[in-house]
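If you read the sequences in order, they're chains A and B. Counting from 759, one number per residue, gives the positions in the first sequence under the working numbering. Counting from 6, one number per residue, gives the positions in the second sequence under the working numbering.
Please note that the accuracy of each hint is not assured.
[Claimed, not checked] Below, simulated DMTMM-like cross-link-like pairs (lysine to aspartate or glutamate); rule was C-alpha separation at most 20 Å, straight line:
id, chain 1, residue 1, chain 2, residue 2
1, A, Lys829, B, Glu55
2, A, Lys787, B, Glu66
3, B, Lys166, A, Glu844
[To be verified] Derived coverage of chain A by chain B (criterion: at least 3 residues anywhere in the stretch with Cβ under 8 Å from a Cβ of chain B; other residues may be distant):
id, stretch
4, 785 to 798
5, 832 to 845
Just so you know, the hints here were simulated from the structure itself, not pulled from any lab data. Quick caveat, the model's predicted, so the values are computed rather than measured. Ideal Cβ positions, reconstructed from N, Cα and C, are used throughout, including at glycine.
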Amino acid sequence: MAKFMFIYRDPSEMENQLTPEEMQQVLEKWTSWIGAAMQAGWMINPGDALTPAGRVLKPDLVTDGPFVESKEIVGGFSIVEAPSLEAATELARGCPGLSAGGSVEVRALAGYSLDN
Amino acid sequence: MSDTPPTSVAPLVERFFRHEAGRLVSVLTRFFGWRHFELVEDMVQATLIEALQAWRVRLPENPSAWVYQIARRKTIDALRRDQTGRRIAAELGRGPDHAADDLADLFLDSEIADSQLRMIFACCHPDLARENQLALTLKALCGFSHSEIARALLLGEETVKKRLQRATRGLAERGLALEPPPVEELLPRLDAVHQVLYLLFNEGYASSSGTSAIRADLCEEAARLCYLLCSHPRFCEPATHALLALMLFHAARFESRTDAAGAVLLLEEQDRSRWDHGLIRRAQAHLVQAAQGTVVSRYHLEAGIASYHCLAPSYAETDWSAILGLYDLLLRAHPSPVYVLNRAVVVSQLQGPLAAIRELESEIPASVRDHYFLFDAVLGEFYRRVGDLTRARELLEAARAKTDSPFDLQIIDRRLATCLRDAVPPAITTVASRRGTHSAN
Numbered sequence: 759m760a761k762f763m764f765i766y767r768d769p770s771e772m773e774n775q776l777t778p779e780e781m782q783q784v785l786e787k788w789t790s791w792i793g794a795a796m797q798a799g800w801m802i803n804p805g806d807a808l809t810p811a812g813r814v815l816k817p818d819l820v821t822d823g824p825f826v827e828s829k830e831i832v833g834g835f836s837i838v839e840a841p842s843l844e845a846a847t848e849l850a851r852g853c854p855g856l857s858a859g860g861s862v863e864v865r866a867l868a869g870y871s872l873d874n
Numbered sequence: 006m007s008d009t010p011p012t013s014v015a016p017l018v019e020r021f022f023r024h025e026a027g028r029l030v031s032v033l034t035r036f037f038g039w040r041h042f043e044l045v046e047d048m049v050q051a052t053l054i055e056a057l058q059a060w061r062v063r064l065p066e067n068p069s070a071w072v073y074q075i076a077r078r079k080t081i082d083a084l085r086r087d088q089t090g091r092r093i094a095a096e097l098g099r100g101p102d103h104a105a106d107d108l109a110d111l112f113l114d115s116e117i118a119d120s121q122l123r124m125i126f127a128c129c130h131p132d133l134a135r136e137n138q139l140a141l142t143l144k145a146l147c148g149f150s151h152s153e154i155a156r157a158l159l160l161g162e163e164t165v166k167k168r169l170q171r172a173t174r175g176l177a178e179r180g181l182a183l184e185p186p187p188v189e190e191l192l193p194r195l196d197a198v199h200q201v202l203y204l205l206f207n208e209g210y211a212s213s214s215g216t217s218a219i220r221a222d223l224c225e226e227a228a229r230l231c232y233l234l235c236s237h238p239r240f241c242e243p244a245t246h247a248l249l250a251l252m253l254f255h256a257a258r259f260e261s262r263t264d265a266a267g268a269v270l271l272l273e274e275q276d277r278s279r280w281d282h283g284l285i286r287r288a289q290a291h292l293v294q295a296a297q298g299t300v301v302s303r304y305h306l307e308a309g310i311a312s313y314h315c316l317a318p319s320y321a322e323t324d325w326s327a328i329l330g331l332y333d334l335l336l337r338a339h340p341s342p343v344y345v346l347n348r349a350v351v352v353s354q355l356q357g358p359l360a361a362i363r364e365l366e367s368e369i370p371a372s373v374r375d376h377y378f379l380f381d382a383v384l385g386e387f388y389r390r391v392g393d394l395t396r397a398r399e400l401l402e403a404a405r406a407k408t409d410s411p412f413d414l415q416i417i418d419r420r421l422a423t424c425l426r427d428a429v430p431p432a433i434t435t436v437a438s439r440r441g442t443h444s445a446n
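Chain B extracted, bound-state conformation (with noise of 0.2 Å):
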């Protein structure tokens, strides 16, 4: 018995368990295929309960290893113990000895790596629907539980469990095995991992969606897959690294968009020095390594937006015009209100609030006015610079009538005490000065 107390030991990385469901799945499911996921499942579970156990009263050296041993014993102790699983090492055609062996090389770590990447690519599968995909991506990958997936993604519990039956039955009843796409279906194939992952951050970061940490995991996840597909040549292309700059870009402001009491602050409210500024130069490394070949993807023109302002020295020494320009492209190739709303705000910093509402009001249609409520938020914050308040005011109401997140309605909130402010003491020594004005003449 060794007597080094187990502070000797480093603690457990963050998120360890998470991360090790994720490797597991990917390579218990290669081994099993997709038929036999619902034992991949509780075969990860037992090994990570196991792991917990022995683990309490010290830690190991090399946990990811313990780990790993624990599941190649029970993946053998599960094709030896009954029928089943006699079945099933028939089925795969390995006996128990065998597989003893395949194991073995499936858990040398650039096995796990690519039982991971060729699992990226079967959660995005194209014949799962959209919102499978994400809901799988994250049990698979990323270890979440059911609960934290239907916080995640702002789902009921149900709704989780029933995607991730039907992409799990999808999978399995196309009797596919976890390969990787075959080479002439790869770039489809890698575009619809860039959206799955895009979209995961997005969901993570969306200001709608309030601050809670499951929000900041989203956004950790979905870097760390992308940051996977970008280790691997194979599986990476110039937007895979223009993906993940953005992402590293937003994530650099992730701490700086609250203050020290919580409230949220907007971008020209933040403080710059709190920016992750070494975050910022890996963001500016992946852009560079985006910059090839003939494609200008959507985040290629997003990472260049978000790198201008991450660059930039104050909000007021934004270079609004090259932001101009990128939104343009953005607007030609993917148009989208969310762009177009954006793009006003550019407008509004290069040719003042006037000419970003006859933007916004001429640009956006009624059908999406009526359920987005950044539309009324942002419009009414031109209004209110132009100094028309009551407008301002009944703008940022109807804002505030669409959305019920505390995070939007905290900025709405203050916009509206600042209308408020705004309007009571401006009116009154409006009055008074016009009343100096004419008794002066």
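Extracted from the complex, chain A is given alone in its bound form (with noise of 0.2 Å):
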């Protein structure tokens, strides 16, 4: 079994006009879904979610905000297993991100173990 990261992306204008009832079924959504990837085990990890906090550098200049010139935001990121490429790219196709305008990255692991 490979190893390979989920990185979520979301649209920057992202959800400024969804209703506090609407997060509240994304919320629920996402939750079942990382729930049911956990239960089914081949979610190894949930990862992490990313804040907007956050600087980009670059050699002559430092800027407020890792955003600044894309239309998506990484938004978190998971770990999961599976035998091949596809296999992890049909289990990303469950993600609720993908019906809000987000996209998922489906990335390889090069295959360190994720505990050190």
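Two chains, each in its own frame: build the complex with the hints.
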């Protein structure tokens, strides 16, 4: 089994129009998707979320925020296990972010232990 | 990185985001004042979105604390960020560092509740028109969106926006801070609060407005805010307990108002074992607490009526005379066609449908009959019971033309069907039996 990282990207204008009730629904979809994935065992670590606080360093410039120029912001990541990149891609199709204008990048990990 | 799977954390409570929105709006409006209500709304939105984004992969142990931390940071950032922020900070007389201390205090649990109580009184401020009070309460305290308010109050979204604008502008122009009402004004202000919560609850409960989920939410919210008042003796009177008792008695029957297929059931048709007896007990407890002082409010009387219904083992065994007495008291203090109509139903139980017909036809003015479908519907039912099916049908058809709520139409149509069913076979049997009688003679 190989390990993969799901990198969740959100549209940078994300969800400014979401009502509180809709936020609840979005979160419930994610919670149940991640919960089911952990239960099934193919997600080995739900990972973490990235907050909007951040800096971008360039040789001559430091800017606030990770998303100055991009249409999409990385919002979080999880670690999954699958026999192949194809299989991992199939697993990512269930991600609730896809139906909310976001995307999932599926990347094969080189294979170092994540615990060290 | 913890390897605890997210399933080990309890799922988020229902309506978490809505209620947090309400708490944040209250706390931040207390901090910024009504003049900066738009800023407050933007900050609440940004705070909740940030929380949502952080929690998708796993839920925190204490979501509320997390939300308040984001809100505090955003507030301080806003005061530092640009000229507008610094101007506001100067206006508030608090630099960002002091603001941080103030905010830490405002986010203490007791202060959050206090801010919400102040907000209840502000939303029901006597200078605001009643319809604006309702919209603002749903927005600022319940976290309803414009479209949810529109659906809940059966209004257009544009109307909702205008009402909210008028309400917040009204409060901002008076330069109001989010202060509790002064002691000498407490009673009249509390009275206005009771009326708004009562209206919100009825709006959600009324059969004429359908059964969609948003309507149930209205009832829940009205009861939640009333409960908030009841838990703070400083802001509550016996009438507040009576109002909560009334809401809980009704809420106890909420689920039993429809059958498994979603068809509407009237009180006499409801399966009483489906009533929520836990809620009924809580309602009773508040009714006991309401029995203090010397004022008997309409909420006391209505809660009393609801309690007789909830405690009756069956429709037939209801203590109708006690209920009649309460309606008489209600009508004396608060004359209203709705009470007359309900009283007539009680009269029909005690003295039969003819007495009820007489009462309704003499007591309800034509101006009310003309646009009140329930009048025709109830009167039609009485005529059906005395056997005048032609008149019953006329009245039920008239009722049908005066409402377009599917909920009401369902009830009317069922009664119409009963009329038709009763009309055909009994007519034949009557003729047949008459013939029989004649021939026998």
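With a cut-off of 8 Å between beta carbons, are at least three residues of the stretch 785 to 798 of chain A near chain B?
-> Holds: 8 residues of the stretch 785 to 798 of chain A have a Cβ under 8 Å from chain B.
Restraint status (C-alpha distance of A:Lys829 to B:Glu55 at most 20 Å) = holds, 17 Å
Okay, the stretch 832 to 845 of chain A and chain B, do three or more residues pass the C-beta test at under 8 Å?
-> With 4 residues in contact (Cβ-Cβ under 8 Å with chain B), the coverage given for the stretch 832 to 845 of chain A holds.
Does B:Glu66 lie within 20 Å of A:Lys787 when you go C-alpha to C-alpha?
-> Distance of about 19 Å is within 20 Å: holds.
Holds or violated: B:Lys166 with A:Glu844, Cα cutoff 20 Å?
-> Violated. B:Lys166 to A:Glu844 sits at ~49 Å, over the 20 Å cutoff.
In summary, the one numbered hint that this structure violates is 3.
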